[in-house]
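Starting from the known structure of chain A, arrange chain B on it as the hints suggest.
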Amino acid sequence: MKLFPRKAPHIRSDTSSKTVMGDAIVTLAALYFMSACYYGQRAVRLGLLSIAVCWGADALCVWLRGRKVSLRDFSPVVTGMIIPLMMPAGIPFHIVVVADLFAILLVKQPFGGVGNNLFNPAAGGLAFAIACWPAQMFSYPVPNTTMDLWGEVSGSVSNSAAYTLYIGGVPMEDYTTVLLGRQAGPMGTTCVLVILACLLYLIFRGTVRYQQSLLLLLTVAALSFLFPRGSAEGAASAFYEVLATPVLFCAAFMFTDPVTSPCRGIAKGVYGVLGGIVTVLFARFGGYEQTVVFAILLMNALAPALDHLAEEYITRKRRMRYGRKVAIDLSGEDDFGTDEGVPAAEGAQNP
Amino acid sequence: MKDDPKAMKAAKARSWHWNGGVMLEQHKDPILSQELVRFIDPERVRRIRDLEPWREDEEIDAEAIIQVARLARIVDERDGVPLFRKLRKCMGRRPSVLVDALDEEPYISSQLGPMLHRNRECVSGLKLACKAVEASDVTILVYQGITDLEMRIPRSVGGFPIQRVRGKYPSELLSAQSLVEEDDHISLYIGACALIHLHRAVYDARIQTTAFITVAGNCVSRPCNMEVSLDTTATDVLARCGLEEQPTRVVVGGSITGESVADTDLVLVKPTTRAILAFREDERDQRYQCIGCGRCVEACPMGLNPMLLYRGIGMSLHERVAKLDYKTCIGCMCCSYICPAKLDIAGRIAWYKKSRKEALPK
Chain A
0 MKLFPRKAPH IRSDTSSKTV MGDAIVTLAA LYFMSACYYG QRAVRLGLLS
50 IAVCWGADAL CVWLRGRKVS LRDFSPVVTG MIIPLMMPAG IPFHIVVVAD
100 LFAILLVKQP FGGVGNNLFN PAAGGLAFAI ACWPAQMFSY PVPNTTMDLW
150 GEVSGSVSNS AAYTLYIGGV PMEDYTTVLL GRQAGPMGTT CVLVILACLL
200 YLIFRGTVRY QQSLLLLLTV AALSFLFPRG SAEGAASAFY EVLATPVLFC
250 AAFMFTDPVT SPCRGIAKGV YGVLGGIVTV LFARFGGYEQ TVVFAILLMN
300 ALAPALDHLA EEYITRKRRM RYGRKVAIDL SGEDDFGTDE GVPAAEGAQN
350 P
Chain B
0 MKDDPKAMKA AKARSWHWNG GVMLEQHKDP ILSQELVRFI DPERVRRIRD
50 LEPWREDEEI DAEAIIQVAR LARIVDERDG VPLFRKLRKC MGRRPSVLVD
100 ALDEEPYISS QLGPMLHRNR ECVSGLKLAC KAVEASDVTI LVYQGITDLE
150 MRIPRSVGGF PIQRVRGKYP SELLSAQSLV EEDDHISLYI GACALIHLHR
200 AVYDARIQTT AFITVAGNCV SRPCNMEVSL DTTATDVLAR CGLEEQPTRV
250 VVGGSITGES VADTDLVLVK PTTRAILAFR EDERDQRYQC IGCGRCVEAC
300 PMGLNPMLLY RGIGMSLHER VAKLDYKTCI GCMCCSYICP AKLDIAGRIA
350 WYKKSRKEAL PK
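Protein chains in written order, with numbering that gives the first Met the number 0: chain A, 0 to 350; chain B, 0 to 361.
Source of the hints: derived by calculation from the structure; they are not laboratory data.
Heads up, the beta-carbon is just placed ideally off N, CA and C, and yes, glycines get one too.
Please note: incorrect hints may appear among the correct ones.
Part of the chain A face toward chain B, derived, beta carbon under 7 Å [as the list claims (entries may be wrong)]:
#, residue
1, L2
2, H9
3, S16
4, C262
5, I313
6, I327
Label-pair distances were calculated between CB atoms; the ranges are [stated by the list, open to error]:
#, chain 1, residue 1, chain 2, residue 2, range
7, A, L199, B, G157, 47 to 55 Å
8, B, P41, A, L2, 28 to 36 Å
9, A, R315, B, E51, 53 to 61 Å
10, A, F226, B, R151, 54 to 62 Å
11, A, T145, B, R319, 57 to 65 Å
12, A, I24, B, N217, 28 to 36 Å
13, A, A304, B, P153, 49 to 57 Å
14, B, T247, A, T175, 55 to 63 Å
15, B, L267, A, L70, 43 to 51 Å
16, B, Q143, A, R315, 23 to 31 Å
17, A, D328, B, S354, 19 to 27 Å
Next up, chain A with everything else stripped away, as it sits in the complex (with noise of 0.2 Å):
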C-alpha cells in the first residue's frame, strides 16, 4: 500500500483557534441578547455594523499585505463585538465605524495582523473614541427605553455607576439591579450575571486562564475594599467597583485576550494582580469616568517584559530539576552472536 507520509503527531486536540474564537463569539452573542432586550434592536444593528466594519478593514488589509484572506480567522469578528459592548447603546453609528478603523488599521494591522499585535485592538480603539469623544461615549441611555434605529438618540440620558463613583458618591442602584443589569452604562457591560456565566464558560473551555481575569477582579475587589475612593465604603465599594464598572467585561473579554497577554502561568497571575493595581490607579487618578481599557493598553505594553522575567525564572528551576539525574550509557560492544538456534520442535505453536 503506497501511501503520502504525514508528520506527526497523527492525533490532534480537537481544539483549534477557531473554536477558540467561537467561545468568545458564543458568549459576546450572549451579552448582545440581554443589550437587545434592554436597548432594543439598535443594539444588534450596532453590532453587526461593528463587525462587518472590522472585518472588512481587517480583509483589506490582508490582501494590502499580498495574503490570502482567510474566512476562517474570527478575531475581527471578536474585535468587532467588543467594541460596541463598550459604548453606550445610543452612539452615533460614525463613532463605532471610527473606532473599528483605528483599532484594525493602527492597533492590529501595522504589527502584523493576528497574533503579531502588541495591544488589544479593541481597547486601543476604545480608547481612541473615549479620548475624542468623551460626551458621547458617556452619555447612557435609560434601559428600557426605545430608541431610533438608526438616527441620533434623543431619549432620556443617564450617569452610570462608574461615574458616580469617580465624582465621589454612592451608585443609588441597588444590589439587585446591578446584577441584573438595569441600570445605565455601556450596553454590554451592564449585565453582571451573563457577565459572570460567561466568564465561568471561558475558564472551564479553557479560552480562558482563570489566574489573569480572576486575580485582577479580586485585586480591584480587595483594593478598592481597603482604600474606598469614595463615600461606599468597605464591601460596598468593592462590590460596585467590580461589578457596576466596565472592570468585569473587561477581565473576562480584553483583559484574557491571549495575543496581548503573557504566555507562563506565573507571568499571567502577576499580569493579573498588577493590572488589577493598574486599573484601580486609574479609576482614581484617571481623567475620565471609564479607565480600565488604559489601564489594559498600559499593561499590554509590561507583558513581554513580564514573559521575559517569566522565562528567565523558569530556567533557572528547570535547569536545577533536571541536571540531576544522570542517564548511564547503554550502548556495548558485546551483541548476540551470530546463532540463530535450531527450528523449534513441533508443538511450537503453543506456549
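Frame of chain A, contents of chain B only:
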C-alpha cells in the same frame, strides 16, 4: 544534614516538578479487554541450540539468566537495547526495577495487554530479571489516565505492586533513558514484553521471534493486540485485521510520536514495534496563525517555551534559542498536539536540534 542549605536546596529542587503534559482520550478498549490474537509463522519459531530448558521449580543463577537472555536474542521493546546488556550493567548494583507497562499513547496497549493476559509468564520473567540484578525493589508502572476500560487493572500482579503513574501524557517519555542514576541510586526500566520473552527463553529455550503489537485506527475492522512473528510486513498485519476503507495514513509506533510510512510492504515488524495504526482523515491544511495562547507552554512537560522556540527558530535567532534550552526537548509532541493553530512546533524543534547537531563542531 537538615540544616545544610545545599541539601535543602537540592531536596526542594527534587520535590518540584512540572505540571505539564496533556490529557488524552485513550481509545484502549475493546482491544485491551480482549484476548491476544496470535499471528505466528510456525516456521520462524526457533529454539536455543543445545540448551536444556530449566524446570520452573529449579534454581538458576544470575549469570545463567543473563547468558540465556543473550542466546535468546531478547530485545527490550521500550528502547531496542538487548535485555542481557541491561541486566549485566546492573548486576550486583541492587537497582530498583521498574516494569514498563505504561502504554500512554492513545490506541496502544501492546505492553499492558500482554502484561495482563500473559501475567504468569510476565511475573515469572520479572522474578528472573530481579534475580539477575539482585533488585532492591520492584514496581510495575501502568498509566493512570486509562478510564474507558471494561476490565479492572489489579493493584498487584503475582505479588508485585502495580503503580498507576501520572494521569497526563507523557510519563513514559520523561523516563526515556532505561538506566538512570539519581542520588547514588539506580533505576532500571524493563519492558513488560521483554520479561515474557525472558520467561520463554529460560523455561522453554525459545529465541525471541515474535513481538507484541497493537493494530488499531479508524480504518481497522477488527482492532486487537497481537503477537506476531518478527519481519512480518505491515501489509500482512493490516490484512489479518481487515481494513474497512483505504487509510490515508499508516503509522508505525505511537499515535503521537510514531512514524507515518510511505509503503506498508517495506515496513517489517521489529522487536521494538509497538503498534501499527491505520487512519483515514480529512487531510486538508488546517493551519492558522499563532495567537500566542500559551497552551504549548502549559503542556510542555520539560517546562520549555515551545512558542518562543518556534518563533526563534523561524527567525534563526540561534543564541536566543540556545538560551531557551532547546536541547532539553524530549520530542513528546505535546505542543504540536495541543496547538490550536495546528502548527508543527515539535517538528520544527526536532529539525533544529538535528541540524544544529550536524552544524556545530563536536
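Failing hints, ascending? none
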